[in-house]
Amino acid sequence: MGVGIEVNNLNAWYGANHTLQDITLHIPANEATALIGPSGCGKSTFVRCLNRMHETNPIAKVTGEVKVGGEDIYSETSAVEVRRRIGMVFQRPNPFPTMSIYDNVASGLRLNGFRNRRSLDEVVERSLKHAALWDEVKSDLKKKSGASLSGGQQQRLCIARALAVDPEVLLMDEPASALDPVSTAKIEDLIFQLKSQYTIVIVTHNMQQAARVAERTGFFLNGRLVEFDSTHKIFTNPGDKRTEDYITGRFG
Amino acid sequence: MNLRIQEPRAPKSETAEPVGGLVPVAVPAPASGIRSFLQSRGSSAAADSTFRWLMLASALSIFAIVALIATELVTHSELTLSKFGLKFFFGSAWDPVNANFGALPFVYGTLVSSLLALVLAVPLAVGTAIFLTEMCPKALRGILSFLTELLAAIPSVVYGLWGLLIMVPLLRSYVDPILIKLLGWTGLFAAPDFGIGMFAAGVILAIMILPIISSLTREVMTAVPHTQREAVLALGATRWEMIRMGVLRNARIGIVGSIILGLGRALGETMAVAMVIGSSPTIAKSLLAPAATMASVIANEFAEASDDTYRSALIEIGLALFLVTIVVNICARLLVWAVTRGTPAREA
Amino acid sequence: MASQRKISAANRHWRWFTNNLASGLAVLSTILVIAPLVAIFIDLVYKGASSLNFSFFTKLPAPVGETGGGMANAIVGSGVLLVLASAIGVPMGIAAGIYLSEYGRGTKLSNVVRFTADVLNGVPSIVMGISVYALIVVPQKGFSAFAGGVALGIMMIPTVARTTEEMLLMVPLSIREAALGLGVPAWRSVLSITLRTAMPGVITGCMLAFARVAGETAPLLFTALGNDFWSTSLRQPIEALPLQIYVYALGPYDEWHRLAWAGSLVLIVLIVVSVSLVRYVTTRGVLKGAT
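Residue numbers (the numbering used here), protein chains in the order written: chain A, 61 to 312; chain B, 13 to 360; chain C, 4 to 294.
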């Protein structure tokens, strides 16, 4: 089951650039939450703060509190442990090129020391089924490399890889923006299925996508969270004028 | 945050066929065993730290190597350093028997042979670079640059073997007599000529430093932006004029850098020179006379150095060689770096 | 008007002339540069190939003046030295390269390290040899294969470090992020993901360094020294192919010269194969599928 995320006064910097300012919100468990906003508004940075990927950049800085399932991930817990609980799917599919499909999915576990062969087989199969990729690759699991799949398949492979470590939260940074419409539809269906199991946060520049898959939506602008509410309200009756301007396409 | 949440529009596939293996029923929850396993793995902070330190230590070993060389050389040339001081490099008498060591013949030999090599190699190397970057048809370029790369990979001792057994007899039979006849009046080419000697060393060195000068010159020439070439061509220049004004002028500094790098290589070249230079610790005006360089005397005489002073003298020559090549290399690298720095950084 | 046209005609002719002269000189230069290479290869094959028989690879050198010996001990000796050198040079070089790319990227320290490595590559190998002589041979009061291996190994480190760094830099950030995002420890990610992705290029870099030290003679002159008999012991002097070639080339006997040519041919074949492989891998795209 997924957990909720509570963000309090999150501020983030890239060097001198104050990328996120005083973000406070509560992401409910077992739901999909979409984050929308124009390019450069900070939504990607925000999501990367949720699994402490933002700090991998040497000039990055973060202050504030992010509680995942009640625990502040910026306290003593190491970033590595945090990232095992929070999975991430990136904008461009990035399967490991030297590994087979099987090895890709198993990598999160294997590289953390998991050895049990039979359990791995089960996990790989289950993850690929979750990611709606099993039927397409089940006969070539160990023969084909991760990079030999199509774009949409690669992204589902990355989702399977992220799911294999059984995260509590799944972060998705514009997961379908590099894909064709058919693959995009498949990914969106996937999110629908996965919601019951995990908490999903999805960054998207596609408002229709947000409307299709998410219960809640947050609108970011210039590093601030302008509005955070149910998707229905955001898209039919937004409270803030800026949100309305964005939704109706006046900018962005 | 307490608004009634309305379910978003259902996706198409809920009523249509499952998409690509999508299982429409609730998937059984994964065993929590994975989560607890991962939790038990700990933070790996210690392993990460140790690993990072190991990598850092290896990187620092590069400094350690330089320090090592410097200390060993200084320590083991102590004897002659204190006995002769700087006069060591100005004394022209190399007399191991009487423990009188003057290294000037070798300094002279190193300088002259390297200069000769540059005089012969630079025009050819730059010419080749011009041909390969500006004139060569694309298909040929790959093969020719591969061949020049091979030239750089041939070991010094093989050059020496070929130089001694093939090139030197050729020089002695065909080239040297012509040089004596035409240029003998300068005093630079005089009989007797045995083939081996300063000139032979200069020629073999030239062949050896050609590839490095050529490939670096090509690199700096390629770094010159196309806009420069186009600007000159637009003024109605011929190809040679375009090369001269649009490319070479801009690549000047880098080319000088690559020449200095070639010089650095020539200064330290040991085996091939040791095999064709004649190993005579003398200074002669004629380039056809046998001579010796700093590197060649170490190679040729170290095994016979029976007493500590003799060895110390040779090691001191090695120390000088070390310092000189480092300085030359630093200057060269700075020049080349200054020019090619403009090339785009790699994608991180 | 007419004189102006004459001047410009003369000028045009002159420019046309210099243009063609320059082109001709450039072509001539290229020919003169390639010619010695071709000559060396032809001579090597012509003089060396016929001696590459079974006894060359299996027999010891014959007593002075006699024919029919081989360079077996030199080949084996080179093998021993190169294994030791690689054992030293490859791990440390790769580790240094990992530091430059993964931990020190953009820092001043790594810039200085990289610069120093390049400068170190330009230090004459005989200087390296004397230093190891002073470091190992003198205290141990004897020449040894160990000293020779150390000398060659130290020479490999800067080359391997630079090529490793270059190859690691080519691994896209997205792959590293994927590994981090999974909660893989940093050290594991560097080794099992980043290094593994760059492996083909890293290996060819090692091969390049290997080929380079395989032909080095000067560092061995006062460390490994050479040995006329079978020896693989690390504590004894050992023979090596380039060393043997050097001695034989300087000797007066035709038999020795014949062997020197054959040995050189073996060396060159080894080197040509390595350089070609490196070219093949790097021009075909080292990181297939990683882009």
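Among the hints, a few may not be true.
Some residues of chain A that are not near chain C, with every Cβ distance over 12 Å (derived) [as the list claims (entries may be wrong)]:
id : residue
1  : 67
2  : 138
3  : 172
4  : 233
5  : 295
Which bits of chain C does chain B cover? Going by a derived footprint, with three or more residues having C-beta under 8 Å, they are [what the hints assert, rightly or not]:
id : region
6  : 98-105
7  : 160-173
Read the hints as simulated data drawn from the structure, not as lab findings. Note that this is a predicted model, so its numbers are computed, not measured. Glycine included, each C-beta is placed from N, C-alpha and C at the ideal position.
Against the structure, the hints:
With a closest Cβ-Cβ approach of about 19 Å to chain C, residue 67 of chain A is found to remain outside the 12 Å limit, as its non-interface label requires. For residue 138 of chain A, the non-interface assignment is contradicted: its Cβ lies about 9 Å from the closest Cβ of chain C, within the 12 Å cut-off. With a closest Cβ-Cβ approach of about 7 Å to chain C, residue 172 of chain A is found to fall inside the 12 Å limit, against its non-interface label. With a cut of 12 Å on Cβ distances, residue 233 of chain A falls inside the contact zone with chain C, its closest approach being about 10 Å.
Distance check on residue 295 of chain A: its Cβ is at least 30 Å (rounded) from any Cβ of chain C, clearing the 12 Å threshold; non-interface status holds. Counting residues of the region 98-105 of chain C whose CB lies closer than 8 Å to any CB of chain B gives 6, so the stated coverage by that chain holds, three being the minimum. For the region 160-173 of chain C, the assignment as covered by chain B holds, since 5 residues bring a beta-carbon within under 8 Å of that chain's beta-carbons and 3 suffice.
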